[in-house]
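Based on the provided sequences and hints, a complete structural model is requested.
The sequence shown runs 1 to 352 under full-length UniProt numbering.
Simulated from the structure, these hints should not be mistaken for lab results. Using N, Cα and C, we set each Cβ at its ideal position, and we do this for glycine too. Treat the hints loosely; a few may be bogus.
What the hints assert, rightly or not - Pair by pair, the computed Cβ-Cβ distance ranges are:
| hint | residue 1 | residue 2 | range |
| --- | --- | --- | --- |
| 1 | 243 | 291 | 22 to 28 Å |
| 2 | 225 | 98 | 48 to 54 Å |
| 3 | 334 | 37 | 25 to 31 Å |
| 4 | 194 | 283 | 17 to 23 Å |
| 5 | 186 | 98 | 54 to 60 Å |
| 6 | 288 | 15 | 27 to 33 Å |
| 7 | 191 | 98 | 47 to 53 Å |
| 8 | 231 | 207 | 29 to 35 Å |
| 9 | 19 | 283 | 23 to 29 Å |
Claimed, not checked - Dumping the calculated EDC-like pairs for lysine to aspartate or glutamate here, alpha-carbon to alpha-carbon at most 16 Å:
| hint | residue 1 | residue 2 |
| --- | --- | --- |
| 10 | 206 | 217 |
| 11 | 204 | 344 |
| 12 | 243 | 225 |
| 13 | 222 | 193 |
| 14 | 238 | 225 |
| 15 | 204 | 274 |
| 16 | 26 | 321 |
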Amino acid sequence: VIGKGMTPPERILFPPEKICMDWRQKRRPGAGLYNLGSTCYLNVILQCLTYTPPLANYLLSRQHSRFCHQQGFCMMCIMEDHVRKVLYSSAAAIRPRAVIRDLKCKQLQVLRQVCFPSLRRELLTSFSVIGQFKPDIPGDAYEFLRCTVSAMQRACLNGNSDSDYHESTIIHQIFGGILRSRVACLSCQTVSDFYKPFLDVLLKIKPASSLSTALADFVTPKLMDGKKGFKCSKCKKKVAASKTVTIHHAPRVLTVCLGRAEDNSSKKICQVVEYPEYLDLRPYTSDPAGETLFYSLYAVVVHSGHTCLGGHFYCFTKASDEQWYKMNDVSVDSCGIHTVLGQEAYLLFYAR
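See below:
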(Lines of atoms letter the chains of each structure in order from A and count residues from 1; the text may use other names and numbers.)
(Lines give C-alpha, C1' and ligand atoms only; values in the text may rest on other atoms or scores of the structure.)
Protein backbone atom coordinates (compact mmCIF):
# COMPACT_ATOMS: atom_id res chain seq x y z
CA VAL A 1 0.00 0.00 0.00
CA ILE A 2 1.43 3.36 -1.03
CA GLY A 3 0.54 6.35 1.13
CA LYS A 4 -1.10 9.48 -0.24
CA GLY A 5 1.32 11.89 -1.84
CA MET A 6 3.69 9.12 -2.92
CA THR A 7 4.19 7.30 -6.20
CA PRO A 8 4.81 3.54 -6.31
CA PRO A 9 8.24 2.31 -7.45
CA GLU A 10 8.48 1.86 -11.20
CA ARG A 11 10.55 -1.31 -10.93
CA ILE A 12 9.75 -4.28 -8.69
CA LEU A 13 12.48 -6.70 -7.61
CA PHE A 14 10.13 -8.98 -5.68
CA PRO A 15 6.35 -9.22 -6.32
CA PRO A 16 4.54 -8.27 -3.08
CA GLU A 17 1.75 -10.77 -3.75
CA LYS A 18 4.28 -13.60 -3.26
CA ILE A 19 5.02 -12.58 0.33
CA CYS A 20 3.37 -15.08 2.70
CA MET A 21 2.84 -13.72 6.22
CA ASP A 22 1.83 -17.11 7.69
CA TRP A 23 4.13 -20.08 8.10
CA ARG A 24 4.01 -22.34 5.05
CA GLN A 25 5.07 -25.31 7.15
CA LYS A 26 4.26 -26.12 10.76
CA ARG A 27 7.07 -27.67 12.76
CA ARG A 28 8.47 -27.95 16.25
CA PRO A 29 10.77 -25.13 17.43
CA GLY A 30 14.27 -25.30 16.06
CA ALA A 31 17.63 -25.57 17.75
CA GLY A 32 19.16 -23.28 20.33
CA LEU A 33 22.46 -21.51 19.63
CA TYR A 34 25.72 -21.95 21.48
CA ASN A 35 27.30 -18.81 22.88
CA LEU A 36 30.73 -18.75 21.27
CA GLY A 37 32.14 -16.02 23.47
CA SER A 38 29.92 -12.98 24.23
CA THR A 39 27.73 -13.71 21.21
CA CYS A 40 24.37 -13.61 23.01
CA TYR A 41 23.51 -10.34 21.21
CA LEU A 42 24.09 -12.11 17.89
CA ASN A 43 22.13 -15.22 18.92
CA VAL A 44 18.95 -13.32 19.85
CA ILE A 45 18.85 -11.49 16.51
CA LEU A 46 19.48 -14.66 14.54
CA GLN A 47 16.62 -16.35 16.42
CA CYS A 48 14.20 -13.44 15.97
CA LEU A 49 14.92 -13.30 12.24
CA THR A 50 14.61 -17.09 11.97
CA TYR A 51 11.10 -16.88 13.46
CA THR A 52 9.95 -13.99 11.25
CA PRO A 53 7.45 -15.96 9.11
CA PRO A 54 7.62 -14.08 5.76
CA LEU A 55 11.43 -13.95 5.89
CA ALA A 56 11.75 -17.62 6.92
CA ASN A 57 9.33 -18.70 4.17
CA TYR A 58 11.44 -16.91 1.58
CA LEU A 59 14.79 -18.16 2.91
CA LEU A 60 13.57 -21.77 3.15
CA SER A 61 12.49 -21.64 -0.50
CA ARG A 62 16.14 -20.99 -1.47
CA GLN A 63 14.86 -18.56 -4.06
CA HIS A 64 17.70 -16.14 -3.38
CA SER A 65 20.65 -18.54 -3.57
CA ARG A 66 19.36 -20.16 -6.75
CA PHE A 67 19.78 -16.87 -8.57
CA CYS A 68 22.54 -15.21 -6.52
CA HIS A 69 25.57 -14.15 -8.56
CA GLN A 70 27.43 -12.27 -5.84
CA GLN A 71 31.09 -13.06 -5.44
CA GLY A 72 32.11 -13.72 -1.85
CA PHE A 73 30.07 -12.33 1.05
CA CYS A 74 26.26 -12.42 0.75
CA MET A 75 24.16 -11.90 3.88
CA MET A 76 21.06 -13.45 2.29
CA CYS A 77 22.92 -16.66 1.45
CA ILE A 78 24.36 -16.75 4.98
CA MET A 79 20.90 -16.35 6.52
CA GLU A 80 19.42 -18.90 4.14
CA ASP A 81 21.89 -21.55 5.30
CA HIS A 82 21.51 -20.59 8.96
CA VAL A 83 17.69 -20.69 9.03
CA ARG A 84 17.63 -24.12 7.38
CA LYS A 85 20.15 -25.46 9.91
CA VAL A 86 18.20 -24.11 12.89
CA LEU A 87 14.75 -25.25 11.79
CA TYR A 88 15.74 -28.63 10.33
CA SER A 89 18.35 -29.65 12.91
CA SER A 90 17.69 -32.68 15.11
CA ALA A 91 20.19 -31.37 17.67
CA ALA A 92 19.07 -29.41 20.73
CA ALA A 93 21.55 -26.65 19.88
CA ILE A 94 23.93 -25.75 17.06
CA ARG A 95 27.03 -23.61 16.81
CA PRO A 96 26.53 -20.65 14.47
CA ARG A 97 30.17 -20.87 13.48
CA ALA A 98 29.53 -20.33 9.76
CA VAL A 99 27.71 -17.07 10.49
CA ILE A 100 30.45 -15.83 12.79
CA ARG A 101 33.20 -16.90 10.40
CA ASP A 102 31.66 -15.00 7.50
CA LEU A 103 30.92 -11.96 9.64
CA LYS A 104 34.43 -11.87 11.07
CA CYS A 105 36.18 -12.35 7.74
CA LYS A 106 33.96 -10.55 5.26
CA GLN A 107 31.47 -8.30 6.98
CA LEU A 108 34.36 -6.10 8.06
CA GLN A 109 34.60 -4.66 4.56
CA VAL A 110 30.95 -4.87 3.51
CA LEU A 111 29.08 -3.55 6.53
CA ARG A 112 31.27 -0.50 6.93
CA GLN A 113 29.52 0.73 3.80
CA VAL A 114 25.97 -0.04 4.93
CA CYS A 115 25.91 0.67 8.68
CA PHE A 116 24.07 3.70 9.93
CA PRO A 117 25.83 6.58 11.72
CA SER A 118 26.58 5.86 15.36
CA LEU A 119 23.50 5.75 17.57
CA ARG A 120 25.35 5.32 20.86
CA ARG A 121 23.20 7.83 22.73
CA GLU A 122 20.07 5.86 21.95
CA LEU A 123 21.47 2.33 21.94
CA LEU A 124 21.66 0.03 24.92
CA THR A 125 25.45 -0.25 24.76
CA SER A 126 28.33 1.69 23.31
CA PHE A 127 29.24 -1.20 20.98
CA SER A 128 30.95 0.10 17.86
CA VAL A 129 29.59 -0.84 14.42
CA ILE A 130 30.10 -4.32 13.09
CA GLY A 131 32.87 -2.99 10.89
CA GLN A 132 34.94 -3.83 13.98
CA PHE A 133 33.05 -7.06 14.74
CA LYS A 134 34.80 -9.57 16.98
CA PRO A 135 32.91 -12.56 18.42
CA ASP A 136 34.60 -12.27 21.82
CA ILE A 137 33.59 -8.62 22.45
CA PRO A 138 30.10 -7.87 23.82
CA GLY A 139 27.86 -6.11 21.32
CA ASP A 140 24.46 -4.49 21.04
CA ALA A 141 21.54 -6.49 19.67
CA TYR A 142 19.81 -3.51 18.04
CA GLU A 143 22.91 -2.35 16.22
CA PHE A 144 23.56 -5.90 15.02
CA LEU A 145 19.95 -6.15 13.83
CA ARG A 146 20.22 -2.91 11.86
CA CYS A 147 23.49 -3.93 10.25
CA THR A 148 22.22 -7.42 9.40
CA VAL A 149 18.93 -6.24 7.85
CA SER A 150 20.83 -3.56 5.92
CA ALA A 151 23.28 -6.17 4.65
CA MET A 152 20.39 -8.39 3.52
CA GLN A 153 18.87 -5.39 1.75
CA ARG A 154 22.20 -4.74 0.04
CA ALA A 155 22.42 -8.38 -1.04
CA CYS A 156 18.96 -8.16 -2.62
CA LEU A 157 19.97 -5.03 -4.52
CA ASN A 158 23.01 -6.91 -5.83
CA GLY A 159 24.99 -3.72 -6.39
CA ASN A 160 22.16 -1.85 -8.10
CA SER A 161 22.19 1.78 -6.97
CA ASP A 162 18.98 2.78 -8.75
CA SER A 163 16.75 4.22 -6.01
CA ASP A 164 13.65 2.93 -7.81
CA TYR A 165 14.64 -0.57 -6.75
CA HIS A 166 15.31 0.02 -3.06
CA GLU A 167 11.74 -0.21 -1.76
CA SER A 168 10.84 -3.23 -3.90
CA THR A 169 13.23 -5.82 -2.42
CA ILE A 170 11.87 -8.69 -0.33
CA ILE A 171 13.63 -7.19 2.72
CA HIS A 172 12.14 -3.71 2.37
CA GLN A 173 8.72 -5.15 1.59
CA ILE A 174 8.85 -7.14 4.84
CA PHE A 175 10.51 -4.70 7.25
CA GLY A 176 10.26 -1.39 5.42
CA GLY A 177 7.86 1.49 5.82
CA ILE A 178 7.77 5.21 5.12
CA LEU A 179 7.88 8.05 7.65
CA ARG A 180 6.35 11.41 6.81
CA SER A 181 7.76 14.57 8.38
CA ARG A 182 5.24 17.40 8.10
CA VAL A 183 6.84 20.76 8.84
CA ALA A 184 4.60 23.81 9.35
CA CYS A 185 6.04 27.33 9.33
CA LEU A 186 4.83 29.16 12.43
CA SER A 187 5.01 32.50 10.63
CA CYS A 188 2.99 31.88 7.45
CA GLN A 189 1.57 28.40 8.19
CA THR A 190 3.00 26.94 4.97
CA VAL A 191 3.19 23.14 5.22
CA SER A 192 5.94 21.03 3.68
CA ASP A 193 6.02 17.21 3.60
CA PHE A 194 9.17 15.08 3.53
CA TYR A 195 9.28 11.28 3.21
CA LYS A 196 11.91 8.84 4.45
CA PRO A 197 12.02 5.02 4.30
CA PHE A 198 12.68 3.08 7.52
CA LEU A 199 13.37 -0.52 8.51
CA ASP A 200 12.80 -0.10 12.26
CA VAL A 201 11.58 2.48 14.76
CA LEU A 202 13.62 3.73 17.72
CA LEU A 203 11.50 5.10 20.58
CA LYS A 204 12.44 7.13 23.63
CA ILE A 205 10.94 5.53 26.72
CA LYS A 206 11.67 8.09 29.41
CA PRO A 207 9.19 8.73 30.99
CA ALA A 208 6.87 6.45 28.94
CA SER A 209 5.08 3.71 30.86
CA SER A 210 3.84 1.82 27.81
CA LEU A 211 4.50 1.25 24.12
CA SER A 212 1.39 3.24 23.23
CA THR A 213 2.66 6.21 25.29
CA ALA A 214 6.07 6.07 23.58
CA LEU A 215 4.43 5.87 20.14
CA ALA A 216 2.14 8.79 21.00
CA ASP A 217 5.19 10.86 21.97
CA PHE A 218 6.89 9.82 18.72
CA VAL A 219 4.08 11.37 16.64
CA THR A 220 3.55 14.43 18.88
CA PRO A 221 4.48 17.72 17.11
CA LYS A 222 7.92 19.02 18.09
CA LEU A 223 9.00 22.67 18.00
CA MET A 224 11.95 23.58 15.75
CA ASP A 225 13.50 26.93 16.61
CA GLY A 226 14.70 29.30 13.92
CA LYS A 227 18.38 28.80 14.78
CA LYS A 228 18.40 25.06 13.98
CA GLY A 229 16.47 26.22 11.10
CA PHE A 230 13.84 25.19 8.73
CA LYS A 231 14.01 27.42 5.67
CA CYS A 232 10.45 28.25 4.66
CA SER A 233 9.92 28.29 0.90
CA LYS A 234 7.46 31.17 1.26
CA CYS A 235 9.21 33.30 3.88
CA LYS A 236 12.58 32.71 2.14
CA LYS A 237 14.41 32.47 5.47
CA LYS A 238 14.97 30.22 8.47
CA VAL A 239 11.93 30.22 10.72
CA ALA A 240 10.51 28.57 13.81
CA ALA A 241 8.41 25.61 12.79
CA SER A 242 6.43 22.65 14.05
CA LYS A 243 7.50 19.18 12.93
CA THR A 244 5.24 16.12 13.11
CA VAL A 245 6.54 12.66 12.22
CA THR A 246 3.99 9.96 11.41
CA ILE A 247 4.06 6.50 9.87
CA HIS A 248 2.90 7.13 6.31
CA HIS A 249 3.30 3.62 4.94
CA ALA A 250 3.10 0.85 7.55
CA PRO A 251 5.49 -2.12 7.23
CA ARG A 252 4.41 -5.74 7.15
CA VAL A 253 6.76 -6.39 10.08
CA LEU A 254 7.20 -3.62 12.63
CA THR A 255 10.48 -3.68 14.56
CA VAL A 256 10.62 -1.39 17.60
CA CYS A 257 13.60 -0.56 19.79
CA LEU A 258 12.87 0.80 23.25
CA GLY A 259 15.95 2.98 23.83
CA ARG A 260 17.26 2.17 27.30
CA ALA A 261 20.43 4.27 27.49
CA GLU A 262 20.49 7.42 29.59
CA ASP A 263 21.75 10.44 27.65
CA ASN A 264 25.54 10.74 27.59
CA SER A 265 26.12 7.94 30.10
CA SER A 266 26.33 4.17 30.48
CA LYS A 267 23.34 4.14 32.82
CA LYS A 268 20.46 1.96 31.78
CA ILE A 269 16.78 2.92 31.97
CA CYS A 270 15.44 -0.15 33.77
CA GLN A 271 11.76 0.76 33.91
CA VAL A 272 9.16 -1.69 32.66
CA VAL A 273 7.40 -0.47 29.52
CA GLU A 274 4.12 -2.30 28.98
CA TYR A 275 3.49 -3.66 25.50
CA PRO A 276 0.48 -5.55 24.12
CA GLU A 277 0.20 -8.88 22.33
CA TYR A 278 -1.89 -7.11 19.69
CA LEU A 279 -1.16 -3.56 18.55
CA ASP A 280 -3.24 -1.14 16.48
CA LEU A 281 -0.76 1.11 14.67
CA ARG A 282 -3.44 3.27 13.06
CA PRO A 283 -3.40 6.14 15.64
CA TYR A 284 0.28 6.77 14.86
CA THR A 285 -0.08 7.01 11.09
CA SER A 286 -0.65 9.91 8.71
CA ASP A 287 -4.29 8.82 8.45
CA PRO A 288 -5.30 8.12 12.08
CA ALA A 289 -9.01 7.93 11.20
CA GLY A 290 -8.57 5.07 8.72
CA GLU A 291 -9.18 1.36 9.21
CA THR A 292 -7.38 -0.44 12.02
CA LEU A 293 -3.83 -1.67 11.40
CA PHE A 294 -3.57 -4.71 13.65
CA TYR A 295 -0.21 -6.28 14.45
CA SER A 296 0.56 -9.42 16.44
CA LEU A 297 3.63 -9.76 18.66
CA TYR A 298 5.92 -12.63 17.62
CA ALA A 299 9.33 -11.90 19.20
CA VAL A 300 10.83 -9.98 22.13
CA VAL A 301 14.50 -9.32 22.95
CA VAL A 302 15.42 -8.72 26.60
CA HIS A 303 18.63 -7.36 28.11
CA SER A 304 19.43 -8.34 31.69
CA GLY A 305 21.91 -6.20 33.56
CA HIS A 306 21.97 -2.88 35.38
CA THR A 307 24.26 -0.94 33.03
CA CYS A 308 24.63 -0.57 29.27
CA LEU A 309 28.19 -1.86 29.28
CA GLY A 310 27.56 -5.46 30.25
CA GLY A 311 24.81 -7.97 30.91
CA HIS A 312 23.18 -10.66 28.81
CA PHE A 313 20.63 -10.90 25.97
CA TYR A 314 17.93 -13.53 25.59
CA CYS A 315 14.69 -13.59 23.63
CA PHE A 316 11.17 -14.96 23.32
CA THR A 317 9.83 -16.12 19.96
CA LYS A 318 6.56 -17.52 18.68
CA ALA A 319 7.26 -20.62 16.59
CA SER A 320 5.21 -22.02 13.71
CA ASP A 321 3.31 -24.26 16.18
CA GLU A 322 1.83 -21.01 17.60
CA GLN A 323 3.58 -21.60 20.95
CA TRP A 324 5.93 -19.19 22.70
CA TYR A 325 9.48 -20.21 23.62
CA LYS A 326 12.18 -18.58 25.71
CA MET A 327 15.46 -18.82 23.79
CA ASN A 328 18.50 -18.28 25.98
CA ASP A 329 21.53 -19.33 23.93
CA VAL A 330 21.41 -23.17 23.91
CA SER A 331 18.15 -23.50 25.85
CA VAL A 332 14.74 -23.45 24.17
CA ASP A 333 11.94 -23.67 26.74
CA SER A 334 8.18 -23.39 26.31
CA CYS A 335 6.47 -20.50 28.09
CA GLY A 336 3.15 -18.64 28.20
CA ILE A 337 2.14 -15.26 26.79
CA HIS A 338 1.90 -13.74 30.29
CA THR A 339 5.59 -14.46 30.81
CA VAL A 340 6.38 -12.87 27.44
CA LEU A 341 4.40 -9.72 28.21
CA GLY A 342 6.01 -9.27 31.65
CA GLN A 343 9.54 -8.59 30.41
CA GLU A 344 11.75 -5.51 30.51
CA ALA A 345 11.79 -5.51 26.72
CA TYR A 346 14.47 -3.97 24.52
CA LEU A 347 13.31 -5.00 21.02
CA LEU A 348 9.77 -5.83 19.94
CA PHE A 349 8.77 -7.56 16.71
CA TYR A 350 5.19 -7.28 15.43
CA ALA A 351 3.72 -8.78 12.24
CA ARG A 352 0.55 -7.74 10.43
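Comparing the hints with the structure gives:
| no. | hint | verdict |
| --- | --- | --- |
| 1 | 243 with 291: 22 to 28 Å | holds, 27 Å |
| 2 | 225 with 98: 48 to 54 Å | holds, 51 Å |
| 3 | 334 with 37: 25 to 31 Å | holds, 28 Å |
| 4 | 194 with 283: 17 to 23 Å | holds, 21 Å |
| 5 | 186 with 98: 54 to 60 Å | holds, 55 Å |
| 6 | 288 with 15: 27 to 33 Å | holds, 30 Å |
| 7 | 191 with 98: 47 to 53 Å | holds, 51 Å |
| 8 | 231 with 207: 29 to 35 Å | holds, 33 Å |
| 9 | 19 with 283: 23 to 29 Å | holds, 25 Å |
| 10 | 206 with 217 | holds, 10 Å |
| 11 | 204 with 344 | holds, 14 Å |
| 12 | 243 with 225 | holds, 10 Å |
| 13 | 222 with 193 | holds, 15 Å |
| 14 | 238 with 225 | holds, 9 Å |
| 15 | 204 with 274 | holds, 14 Å |
| 16 | 26 with 321 | holds, 6 Å |
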